[in-house]
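A.B. asks: Put the complex together from the two separate chains, hints included.
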Amino acid sequence: QKEVEQNSGPLSVPEGAIASLNCTYSDRGSQSFFWYRQYSGKSPELIMSIYSNGDKEDGRFTAQLNKASQYVSLLIRDSQPSDSATYLCALKGYQGSGYALNFGKGTSLLVTP
Amino acid sequence: SQTIHQWPATLVQPVGSPLSLECTVEGTSNPNLYWYRQAAGRGLQLLFYSVGIGQISSEVPQNLSASRPQDRQFILSSKKLLLSDSGFYLCAWSPPGLSGEQFFGPGTRLTVL
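In order, the protein sequences belong to chains A and B. My numbering numbers the first residue of the first sequence as 1 and each following residue consecutively. My numbering numbers the first residue of the second sequence as 1 and each following residue consecutively.
Chain B on its own, in the form it takes in the complex (with noise of 0.2 Å):
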């Protein structure tokens, strides 16, 4: 069976510091991957998706980047965090294909202070 994983499961980061958060992805290959975020409030926003290896696609323009440098692994970082970066960060994965279903990691709590 596929399995999702993320880590950090919290983080609490100063304004102006850098970020690196992880995806991993067990049990399938070239899974569609996606990153989110979940603001206070707010509804899921999609902030990046990648078929496949070094292929990233972004939803929303800001300071965040994504990479996937592995068939199974998605990476989303900054450089410098801003307040506004605050939420909280999903990773999906769906199959190969047109499906359209997304399966969630158990998500990252980031603070930024």
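Looking at chain A on its own, in the form it has when it is part of the complex (with noise of 0.2 Å):
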């Protein structure tokens, strides 16, 4: 089993403040990595994607990638209410016939006035 794991929280930070958000995997094969969040009651919506060691930045986003590790994480700079989420690492796998996203469990943010 290709297990990806992430604390579930919740995780409260104020306004204003930067959100840590990690992930570990199992499977040192996986290339691709991504971060979904999913509001309460609604669908996940892909935010952020990474494939290489390092940093990606996309606005008030930074994934952080170490393969090495096993690890990729989730940076949330400047954190506002409406960031509060569940958000969700998966990563890319090969399943039965074909690729399919491995998703944990995910964290829940809660971000405070």
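Please keep in mind that the hints were generated in silico from the structure rather than gathered at the bench. The structure displayed is predicted, hence computed values, not measured ones.
Restraint ranges, calculated between C-beta atoms of paired labels, are given here:
#1 Pro-69(B) with Lys-42(A): 21 to 29 Å
#2 Gln-73(B) with Pro-81(A): 32 to 40 Å
#3 Ser-29(B) with Asn-53(A): 27 to 35 Å
#4 Ala-17(A) with Ser-77(B): 42 to 50 Å
Virtual Cβ for every residue (Gly too), placed ideally from N, Cα, C.
C.D. replies: Rendered as structure tokens:
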């Protein structure tokens, strides 16, 4: 079983702070990593993808990947109450006869005003 | 731009009744299509995926089935629903190829009573 582990939270941060969300995985062959945001009762929304070691920045979001440590993280700068959601880590792996995404169970983030 | 539709949005069905959920994608050709289930307190579970018309891969043995009668149409079915089939059903698509990015539809919340 290829595991994707996330702390379920909730992670509580004050408005304007940096939120740091972490994910570890067991499949050393994974090459593609994704972060999704899911508001309560809604479907997941892709917010970041990262394929190479290092940092990738998009607006207030930074994804960090360390394949040697099998670790991927998401930083949210200047956190806003509207960032309160569950964040899902996913990685692409081979399943059955094709490629699919393996998802973690998600970390719940609460940004307090 | 690409759009993915799912219907119905919510559904309440008695145990033993049949099920048909439909998903369609607009604005792309030959997408990879996926069905996931998200049960309360659990992560996203991949049920089926398809890389083309009539090509279905099943990831979890159960009383559900899937079909892809047209390039951009994906249907999830059951002949007899179980209580354990309750959950949030999500359809997703990804571009043909190996990028891995998946985009989710709005989902169907199914309650089996």
